[in-house]
Amino acid sequence: MNRSVVKAACVFVFLAALIFSNLPGSMASQIREIRISDSKGDWGYPNPYRHYPRGPGYVRMSWVFDTLIWKDQNGYIPALAESWSFDADRLAFTFHLNPKARWHDGRPLMPEDVVFTLDYFKKHPYRWITVDHVSRSEAIGPHTVIIYLSRPYSPFLSDIGGTMPILPKHIWGSVEDPERYNDPKAFIGSGPYLFRDFNKAKGTYLYEAFTDYYQGRPKADRLIYLRSGKPLISLSTGQVDVANIKPEMAEQLKGKGMVIIKDERGWNKKLMINHRKFPFNDKRFRQALAYAVNRLEIIDKSQRGFAAPASFGLLSIDHDMYNPGTPTYSYDPAKARTLIEALGYRSGPDGRLIKDGQPLKVELLSSNITVAGESVADRDGEVIKKQLESIGIQVDLVNMEQATTDSKVKSWSFDLAVSGHGGVSGDARILNEMISSQYGAGSVNSARYDANPELNRLLEAQMLEMDQEKRKAIVFKIQEVYAEDLPAISLYYPDSMAAYNPGKGIVWFYTKGGISKGIPISQNKMSLIR
Amino acid sequence: MRRGRYIKPLPAFVLAGLIMVYASYRLPRLLPGDFVSALYASSPVTLSADQEAQVRAYYARGEGFSRYLLNLFTLNWGYSYAFLTPISALILEALPWSLLLMGGAHVISMLVGFIAGVEAAWRRGGYVERTGVGCMTVLEGIPEIGTGVILLLVFALSLGWFPASGAETAYAVFSPLGRAWDVAQHLALPLATLVLAYFPGNFLLTRGSMVMVLREQFVETARAKGLHPARVRYAHAARNALLPMVTRFGLRIAFMVTGALVVETIYAYPGLGTLLFNAISMRDVPLIQGIVLFSSLMVLFVNLALEYVYGWIDPRVGYAA
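Quick note, the sequences are listed as chains H and B, same order. Under my numbering, the first residue of the first sequence carries the number 24, and numbering increases by one thereafter. Under my numbering, the first residue of the second sequence carries the number 49, and numbering increases by one thereafter.
Everything labelled a hint here was simulated from the structure, so no lab data went into it. Fair warning: this is a prediction, and the values are worked out from it, not measured in the lab. There is no bait here: all hints are sound.
Simulated DEER-style distance windows between Cβ atoms: (1) B:LEU66 with H:ARG55: 50 to 60 Å; (2) B:LEU79 with H:ASN205: 26 to 36 Å; (3) B:ALA108 with H:PRO372: 49 to 59 Å.
Non-contacting residues of chain H with respect to chain B, defined by C-beta distances greater than 12 Å in every case (computed): (4) PRO122; (5) MET133; (6) SER158; (7) GLU274; (8) VAL282; (9) ASN297; (10) PHE301; (11) ILE340; (12) PRO356; (13) ALA365; (14) SER370; (15) PRO382; (16) LYS500; (17) GLU503.
Glycine included, each C-beta is placed from N, C-alpha and C at the ideal position.
Start from the sequences, fold in the hints, and give me the full structure.
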């Protein structure tokens with residue numbers, strides 16, 4: 024009797040194992056939910072017109088809205104478009120859409136939606152991209168769209184291809200004020216997740232997997248964002264599965280079984296210079312500042328070693344178009360002083376530099392700076408002040424709240440300011456935005472430097488060059504001229520890290536060149552797809 | 049006569065209210081910078097001069113004090129620049145959490161502080177009273193940020209007894225009882241931080257008032273009548289020591305809106321303090337003015353209410369009026 028019961032149990036267990044082992048992989052390994060945190064929480068509603076124009080806002084939207092192409096850790100990959108090509112003679116990009124692509128309401132995604140999106144963004148701009156260079160677009164057949172350019176535009180793939188979210192024509196076609204469009208339909212996209220909730224007070228977001236997603240069902244059923252300014256505790260206690268961390272936390276979190284990932288060098292801290300006033304309008308003075316600032320000391324003291332010196336040419340040293348021959352300024356206080364003395368300054372009785380009886384006195388602004396959505400206190404100002412004072416420049420260090428500092432920089436009411444921005448490993452268009460006032464007049468991080476006609480010409484030329492090798496040669500030259508003129512001084516790339524719990528079975532990664540236009544955040548949606 | 053006492057303070061409060069309405073409109077506009085600059089400052093989006101002008105013009109729609117005043121009279125608090133959502137909805141979303149945290153902390157710290165203060169004064173000169181005063185003086189000097197971080201490290205990181213952030217487990221599915229337990233667990237550390245911050249002040253204030261009252265002749269009389277010591281302490285003496293506590297409670301309640309900013313930040317706890325802080329850093333002027341006005345009106349109403357409560361607690365105040 025007992026033997027037969029045991030036999031029956033064995034048969035049952037064997038059959039059960041057989042049945043469960045034959046389940047599709049996606050069902051057997053489906054994750055219930057993934058929790059992600061950052062310190063601010065609130066980044067606006069996740070649609071193109073209502074997310075904040077910051078990296079975390081774009082990333083929250085990217086779960087819901089797909090683009091034509093996307094990036095992973097190695098570069099561009101297909102998204103809504105399975106393949107694409109460029110016809111230089113016609114100045115036209117052809118995209119072949121994935122026939123399985125669907126909107127969240129079940130309707131098929133058509134090439135007409137892409138055509139509509141381009142037209143809609145012309146009428147109601149989505150400020151992450153410009154569609155000014157698109158002359159027209161047309162749907163060819165059920166899955167092909169051709170986009171014609173009015174003139175060459177080298178960042179096309181980065182902007183239109185990899186950043187522009189595609190909107191459903193059947194929903195947005197009748198929307199006149201997209202910023203105030205708050206219907207649930209405003210969140211119908213073609214991305215891997217359906218938007219379910221945003222709690223503004225708590226800074227929490229809920230997404231649910233779109234099971235009919237054309238690239239396969241997402242690995243986690245629910246994706247939750249929450250606010251927590253303590254990633255070490257939140258990760259250690261299992262409250263969250265992935266979060267940005269400070270480099271100092273890495274070892275401790277490693278000890279708790281977390282996986283630490285480090286980004287390429289895509290964010291640079293820099294010293295803004297008011298090059299419109301004397302003596303900062305003299306190139307020699309700006310070069311003297313570069314010689315006077317000991318970047319290794321800043322990295323050592325204010326970053327505790329967790330950073331790398333930046334290229335003076337602005338573009339990241341990890342960028343494909345980085346010019347290793349960019350002029351550099353090694354720490355040399357004697358040379359700095361010589362350059363300043365060439366401007367008519369002499370040593371005063373107390374060792375300070377004076378001219379016409381007036382001491383050389385500068386105001387240095389410093390404030391918290393937002394990096395990948397996290398507000399980071401600035402400690403560089405103190406070190407720079409001491410370094411400049413050591414060569415005889417009197418420095419008045421003023422610490423202010425970020426918006427106040429930004430406002431002073433914007434209105435040119437400053438001498439020097441510690442600042443920083445990302446995107447330096449993304450498309451080389453960042454050079455135009457961070458150098459020229461034609462592109463960056465509205466940015467507080469842009470040098471807005473138009474004094475060198477050669478530099479202006481090169482910046483224009485690189486935007487029009489569709490041949491990557493030829494563009495690279497122009498970008499090389501831009502870095503050389505920029506580093507020579509130094510309208511701003513790139514200081515260092517702080518280490519950017521994230522930690523995640525490998526127990527959930529998700530491998531998170533940083534995107535080559537950053538998500539979209541260079542967002543240094545590890546939450547690439549492909550982590551939950553492939 | 050009594051009705052006159054209720055009506056007399058009203059004109060001054062109405063005038064103060066109108067001044068606050070104007071101040072709530074004017075002050076946020078004196079901040080350096082504006083919403084567009086703040087929003088795009090750390091953005092991967094770089095605006096050209098034209099784009100910046102377009103964005104600025106979009107958000108400048110509906111500006112002007114007369115418009116603001118008109119909207120207020122129609123109970124329209126306006127729209128937040130950042131959320132593009134009615135401000136009243138944003139305040140109502142954050143207010144319950146502020147009330148739960150700050151209200152809970154005030155009530156607990158006042159009750160416990162008052163009773164402990166009364167008992168300490170009654171035992172004046174004893175070991176317990178001297179130790180209590182010493183400890184409370186030290187505790188009063190520790191800022192909320194210090195207590196908060198210590199509690200966080202001990203009870204969240206080391207022991208893992210309580211969650212480190214948030215007001216509840218986001219989007220978890222609970223029974224009503226389970227949710228209440230979850231909310232209570234999340235509330236424990238921020239509440240304890242605030243109670244530890246407020247309790248010593250209440251204790252010291254009550255003790256000081258009570259020591260003075262206990263010297264009064266009516267207390268001697270009550271004792272001489274042979275009343276139970278607890279009745280002498282609470283029914284006769286403590287009632288007269290209550291007035292400063294009520295004033296303190298009223299003022300603290302008035303600062304409920306923004307008073308917990310530090311604790312809200314440490315524990316990522318939702319509330320009006322965080323909402324205001326984010327609004328200021330983003331220069332979301334309509335939201336700043338909404339919260340500032342709400343907070344100011346709360347101060348006014350609480351002070352008006354205290355005018356009446358004083359008379360009820362201590363009839364001498366009414367006679368003096």
